[in-house]
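Student: The listed protein sequences correspond, in order, to chains A and B. Using numbering that gives the first Met the number 0, read the first sequence as starting at 0 and increasing by one per residue. Using numbering that gives the first Met the number 0, read the second sequence as starting at 0 and increasing by one per residue.
Possibly wrong hints are sitting among the right ones.
Label-pair ranges, simulated between beta-carbon atoms [stated by the list, open to error]:
(1) K43/B x S75/A: 55 to 65 Å
(2) I28/B x F57/A: 29 to 39 Å
(3) D122/A x N161/B: 33 to 43 Å
(4) E225/B x Y241/A: 25 to 35 Å
(5) I28/B x K137/A: 21 to 31 Å
Just a sample of chain B residues kept apart from chain A, beta carbon distances all over 12 Å, derived [to be verified]:
(6) H55
(7) H56
(8) I62
(9) K112
(10) E190
(11) R232
Everything labelled a hint here was simulated from the structure, so no lab data went into it. Heads up, the beta-carbon is just placed ideally off N, CA and C, and yes, glycines get one too.
Below are the chains, spelled out letter by letter.
2 protein chains.
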Amino acid sequence: MLTRLELAKDWVRDAGNFLKENIAAPLEITEKTRYDDLVTNFDKEVQEQIVANILHHFPEDKILAEEDEEKIKFDSEIPHLWVLDPIDGTTNFIVQKDNFAVMLAYYEYGVGKFGLILDVMKDKLYWCDSHKAFCNQKELELKERPLAQSLLGVNSYMYRSNSGGLLDLSHQTLGVRIIGSAGISYGQLLEGKIIGYFSSLQPWDYAAGSIIAERIGYVTLTISGESPHFNCRERVFTAPSYLISEIQKYIKK
Amino acid sequence: MLTRLELAKDWVRDAGNFLKENIAAPLEITEKTRYDDLVTNFDKEVQEQIVANILHHFPEDKILAEEDEEKIKFDSEIPHLWVLDPIDGTTNFIVQKDNFAVMLAYYEYGVGKFGLILDVMKDKLYWCDSHKAFCNQKELELKERPLAQSLLGVNSYMYRSNSGGLLDLSHQTLGVRIIGSAGISYGQLLEGKIIGYFSSLQPWDYAAGSIIAERIGYVTLTISGESPHFNCRERVFTAPSYLISEIQKYIKK
Chain A
0 MLTRLELAKD
10 WVRDAGNFLK
20 ENIAAPLEIT
30 EKTRYDDLVT
40 NFDKEVQEQI
50 VANILHHFPE
60 DKILAEEDEE
70 KIKFDSEIPH
80 LWVLDPIDGT
90 TNFIVQKDNF
100 AVMLAYYEYG
110 VGKFGLILDV
120 MKDKLYWCDS
130 HKAFCNQKEL
140 ELKERPLAQS
150 LLGVNSYMYR
160 SNSGGLLDLS
170 HQTLGVRIIG
180 SAGISYGQLL
190 EGKIIGYFSS
200 LQPWDYAAGS
210 IIAERIGYVT
220 LTISGESPHF
230 NCRERVFTAP
240 SYLISEIQKY
250 IKK
Chain B
0 MLTRLELAKD
10 WVRDAGNFLK
20 ENIAAPLEIT
30 EKTRYDDLVT
40 NFDKEVQEQI
50 VANILHHFPE
60 DKILAEEDEE
70 KIKFDSEIPH
80 LWVLDPIDGT
90 TNFIVQKDNF
100 AVMLAYYEYG
110 VGKFGLILDV
120 MKDKLYWCDS
130 HKAFCNQKEL
140 ELKERPLAQS
150 LLGVNSYMYR
160 SNSGGLLDLS
170 HQTLGVRIIG
180 SAGISYGQLL
190 EGKIIGYFSS
200 LQPWDYAAGS
210 IIAERIGYVT
220 LTISGESPHF
230 NCRERVFTAP
240 SYLISEIQKY
250 IKK
C-alpha cells in the first residue's frame, strides 16, 4: 500500500502537469481581499482535485485549504491534518506563467510529518520525509554562509517599511530578492540561494516550507520569536538555527 | 565569413559554458566600490576571453568593458564599439550560482546594431539583429498588458526610497520583483514577466537589454525622460512605448 507521502507526491505532480498543460488557457480571475489578491479557476480546480484525492484514500483526514471559504482550525488534537495551497504565487501564475508552486503539508497531532513544494515550471519538487529533505532525488543540505555574505528573500511591504526591523537586517547582508511566491522563495532557501525568508504569511504559505526546511537545520519563527500560530496571517521568517540569535538583534516585534 | 553577430553569439555561449563548467570552483572575490560591489576572477577571465576574441577578428574595434580600470568613452564618432559586461549579477553568481548573465552589445556610430544577454544557468540567449529579437531560436514579441495588471522589476534602493517616484508607480501595478541582475531582469522583461525595469545602471548594464528590447517596442529612458547618456551610472528604465506617458505621470526626476 502506498504511503500518504508517496500518494501526495503523485497528486502534487499531477496538479503540476495539469497546470502546465493549461498554462496558455484563458483564466477566470477574481479579486479576493483586494485588487492584488487574486484567485483563478485553476486555483479552485487544483484544490478540488487534491482534496478529492485525499478524501478518496483517507476519508477521516482533515484538510485546511486556502480556497475554502470556511476553513477548519489547525489543532494539535487532529490525528491527520493536511494543509494545502493549490497555487502559491497566483499573481506570478497569471502574469508570468512562471514562479508559482503547488504546496501540500501533512501533520499528525500538530507535528509536521512531511511537506511538498512543486516549482511547476522548473519541474522541481522539494519534499521531505520525517528525517531528510530533497529536491527531486537530490538530498538537500544546509549551506552555511555568514549573514554578511548572504541574500534575503523578503516581502516588499515589510522590507520597504522596515516592518519588524527587516530593512535594518537587510543592511547586514548583500541585499534582498523579491520573488512573489512563498513556495518559490522556500525553494531558493532550500537550495541556499537565499539564507532567510521573511514575509507576512498564512499557514498554507509556510506549512510545507517550514517542515522541509526544518529537516536541514532551519527554524521558522514569528518576528516576536514565537512559533507560528497557524491560525492567521502573521509576520514569520525561516532562517538557519545558527543565525537566529544574530538575526534577532535586528528582527523584533 | 562569419558576421560580428554570429561570432558574438559563439563568444558569449563559450563564456557561458566556461562559467558553468567552473560553477563549483573556488572564487577569488574582491570588493570594488563598496562591500556589496563585488568582482571575481571569473569576471576578469571572461572579459579577457571576449576582448581577445573581438580584437583577434577586428583589431580596430573599440571596447567599453566593465572590468577595465580605464574605460574608453562611449562616442557616436566610433565606427565599431562593443560594450561588455562579462558577468552581470556578480553577487548572484557568488551566492546563488544562478541568476547571472553575460552581456555584449555592438554599436556603429552610436547606433545599437545588436545585443546579446545569456542567462547562463537557464541556457537562454536573448539576442537581436537589426530588426527582430529572439530568445534562443524563438522570436520575441511584445505582450501588451495594462499597467494595473503588470509587475515591475526594480532596484531595491530606488523602490524603498521612492527614488524617481518608483514606489508611487509600483502602487499602480500588481507589485515588484527584485532579481539582482540587470541581465536577468531584461530577460524577464523580454519574456513579458515584468512590464518594466527600473534601476540605477551603468552603460554595460543597459546596453544589450535596451537594444534588444527596442526591437519589440520598448523604450529606454532616464527618469528625467532623456535618452541614457552612456557615460555614468544613472537611473534608467525600460518600458513599452505604449505605457511611457502613463508611467511618466509617476516617474519624475
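Student: Checking the smallest CB distance to chain A, is H56/B really beyond 12 Å?
Tutor: holds (37 Å)
Student: Given the hint of 25 to 35 Å, is the C-beta distance from E225/B to Y241/A inside that range or not?
Tutor: violated (49 Å)
Student: Between K43/B and S75/A, does the beta-carbon spacing fit 55 to 65 Å?
Tutor: holds (56 Å)
Student: Verify this label for me: R232/B is non-interface relative to chain A, using a Cβ-Cβ cutoff of 12 Å.
Tutor: Non-interface label on R232/B holds, nearest chain A Cβ at 17 Å vs cutoff 12 Å.
Student: Within 21 to 31 Å: is that where the Cβ-Cβ distance between I28/B and K137/A falls?
Tutor: The hint (21 to 31 Å, Cβ to Cβ) holds, given that I28/B and K137/A are roughly 26 Å apart.
Student: Should the label of I62/B as a non-interface residue stand, given a Cβ cut-off of 12 Å to chain A?
Tutor: Answer for I62/B: holds, closest chain A Cβ roughly 29 Å.
Student: Take a quick look at E190/B and tell me if its Cβ sits farther than 12 Å from every Cβ on chain A, holds or violated.
Tutor: Since the minimum Cβ distance to chain A is about 8 Å, E190/B lies within 12 Å and the statement is violated.
Student: Is 29 to 39 Å a correct range for the gap between the Cβ atoms of I28/B and F57/A?
Tutor: violated (51 Å)
Student: Taking the Cβ atom of D122/A and the Cβ atom of N161/B, is their distance within the range 33 to 43 Å?
Tutor: holds (39 Å)
Student: Classify the label on K112/B as holds or violated, using whether its beta-carbon is more than 12 Å from each beta-carbon of chain A.
Tutor: The claim holds: K112/B sits with its nearest Cβ about 30 Å from chain A, beyond 12 Å.
Student: Could you let me know if the closest chain A CB is still more than 12 Å away from the CB of H55/B?
Tutor: H55/B is indeed farther than 12 Å from all Cβ atoms of chain A, at 36 Å.
Of the numbered hints stated above, those contradicted by the structure are hints 2, 4, 10, listed in ascending order.
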